[in-house]
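**Q** Here are the chains, one letter per residue:
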Amino acid sequence: MSDREKIESALEQFFADERLSRRRFLGRGASLGLMAGGLATAISACGSIEGVTKRRLGALQQAAAGVNHPKVPIGTWEFSNWPLYIDKKVLKTFNQRYGGTVKYVEDINDNYEFFGKVRQQLQDGAPIGRDIVVLTDYMASRWVSSGYTMPIDRKNVPNGKNLTATLRSPGWDPKRQYSLPWQTYATGLAYNVKLTGRELRSIREFFNPEWKGRVTVLSDWHDSAGLAMLMRGIDPTTATVDRYLEAIDYVGQQNSKGQFRRFTGNDYTTDLTKGNVAIAMAYSGDVVQLQSDNPNLRFVFPEEGAMLAIDNMMIPEKAAHPYAAEVMMNFVYEPEIAARICDYVNYISPVDGVREILLRTDPGVGRNQLIFPDKATLERCHGYPALSSGDELLCNQAMAKVTGA
Amino acid sequence: MSAISLRWRRSLLPWWFMAPALIWLIVFFAVPLFNQLNVSLMSGNADAGYHSTWAFHTYWDAIRTYHVQFLRSLEYAAIATVIDLIIAFPLAYFLAFRAGRWRNFLLLLVIMPFFVSYVLRTVAWQLILNDNGWVADRLRDIGLVSQHGRLLATSTAVITGIAYNFLPFMVLPLYVSLERMDRRLLEAATDLYASRVTAFRKVTVPLAIPGIFAGSLLCFIPACGDYVNAALLGTSRQYMIGNVVQSKYLDVLDYPTAAALSFILMLLILVGIALYGRVLGSRNLMEAAA
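Protein sequences appear in the order of chains A and B.
So for the first sequence, our numbering puts the first residue at 145; every next one is plus one.
So for the second sequence, our numbering puts the first residue at 248; every next one is plus one.
Just chain A, same shape as in the assembly (with noise of 0.2 Å):
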């Protein structure tokens, strides 16, 4: 048999094992070819998820010059917050004295959950449906360098004068033509002293092995590695990519070794009044607040130093009431509205002239170390770093590692 006649009776075998016919195969053939080829068009038309082209300082503070938003009645729109963070009586005095209706939604639980949601719409330049949005320093920095907010127009914001003079100048934003601190926090020990026995002052004590597998730690490593870099006296305001990288693999030991109960966000509290965890890292406000369910539990700013960190008030690019927003901002820079504020939710304020009137109308508030710290402490904190957010995604994807996922 040739070559040729092999081949033949080969087909002719499988055409006849598969009973189709040769117009059959064919036919079959070609709507098979067909679908691949469309699957295969449709799929490089499906192009790409764009990322993101990062505008100049420069840049961005010559177009927050030039900004005007005339003054509109307020109408309905909507305040992205986390949860807890205001006294809800104190919209109710915004609504009453400024008409309209603040929609205010509780719906920010993390930075980075916060941005996954909203990320498409952002990088697509569709509105995200809210007039301001709170995130913490880094957060905030990414969404101006990524042009994803709105300038502020400040000749509608005369209150933003009662900034505390050492918030005023972020490296990311020096003017604040973009952003304007809501409230502050510190990050650092929190402890049940009836569990621990005794008064704790150190950073040491997260990682000593007496209480193994009664600390949490937040899995946000911007506090997690920060601390623990001050544990071992580098700043980590100023350090590089590498030292974050280094303490996250540090932290990611100590968890190997079974030293931490749990990894969490604000979800420590649980675990911290439930007497679940002896120690925890924690956020000073919360702490206060937890207090009066908890007499045991004590926050101190450790000897080593604690993380400061802001969180800041931003109108997204494309939002529709800029303008409500802005009002909104002045009002709460009214020291009596933050004063409010501040009493309900026990954080450290950026409203110069706060504590003068807590003094007078709460003075338990007003004189709390935790909400008032005093100048020796403040020394002590340290703000986050700037860094790109190349490093910003390393150090994410090491912590994710670290904590399992």
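Treat the hints as calculated values from the structure; they're not laboratory data.
Cβ atoms here follow ideal geometry from the backbone N, Cα and C, with glycine treated the same way.
Any given hint could turn out to be false.
[What the hints assert, rightly or not] Pulled a few chain A residues facing chain B out of the computed Cβ check, cut under 7 Å:
id, residue
1, G195
2, T197
3, Y256
4, Q541
5, G548
[Claimed, not checked] Label pairs and their calculated CB-CB ranges:
id, chain 1, residue 1, chain 2, residue 2, range
6, B, L439, A, G402, 56 to 64 Å
7, B, H314, A, K198, 31 to 39 Å
8, A, T310, B, R311, 45 to 53 Å
9, B, N379, A, T237, 38 to 46 Å
Let chain A serve as the given structure and place chain B on it in line with the hints.
**A** Frame of chain A, contents of chain B only:
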């Protein structure tokens, strides 16, 4: 002419009936699935964007890095499904044969948890299993938990949570298949000198197989992808593949890996179901269900 158009219309009729479901499937299942398949083959990063590069290695990398979480998901889901089966069978049996006039009320109790949000129910378990709670104390008393041991933040807690949350999905199909059973078959079995145990083994259980099959799928599949229980009741050492996917999508913004992980999980589950169906005998299942 009119005859042809009538035939046309007749042959189109079933498609009209199927159209809503088909459109639904295409828009909300096929298109997103296809889109995710495309995403899983992209490469890049969140800053520079992701572009189609047929990056099949993402799948391999994902398996290599996260096989522990994959195995853990399958393990936890399987254990929880078996626990559910053990709890649900007597319960469904009682509901179908012995509950009498209480039946509807008891069925209502079975689905009652659905009136409360899934996350809230899981948070409630945080309080139940809490270190200083009643449950942990009693278990310490009888020595099941060591003096300094804990319940919360362990795999026991995560599996308990999953088993609790998916129990109704096991009870209801089992109940339906038992309730439809022809009681005369049991009488016939006893007439033929089968003991009650033999009658149960040879008649009741085989007839309940479609219920067991449906129930275990309804438990196992969503349990594999669950991340709420591991996040709330476990620690990073209990994280399941769902936690990884969530973190990849929302925290790290690594969409290709997240999509690849989802596809691998889907594939694992499909293969698992195929094997399971083979073991129980798919023909029997179809006939019994018919």
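**Q** Now, for every hint given, state plainly whether the structure supports it.
**A** Against the structure, the hints:
no., hint, result
1, G195, "holds, 3 Å"
2, T197, "violated, 10 Å"
3, Y256, "holds, 4 Å"
4, Q541, "holds, 6 Å"
5, G548, "holds, 3 Å"
6, B:L439 - A:G402: 56 to 64 Å, "holds, 59 Å"
7, B:H314 - A:K198: 31 to 39 Å, "holds, 37 Å"
8, A:T310 - B:R311: 45 to 53 Å, "holds, 47 Å"
9, B:N379 - A:T237: 38 to 46 Å, "holds, 41 Å"
The structure is inconsistent with hint 2 alone, although it conforms to all the rest.
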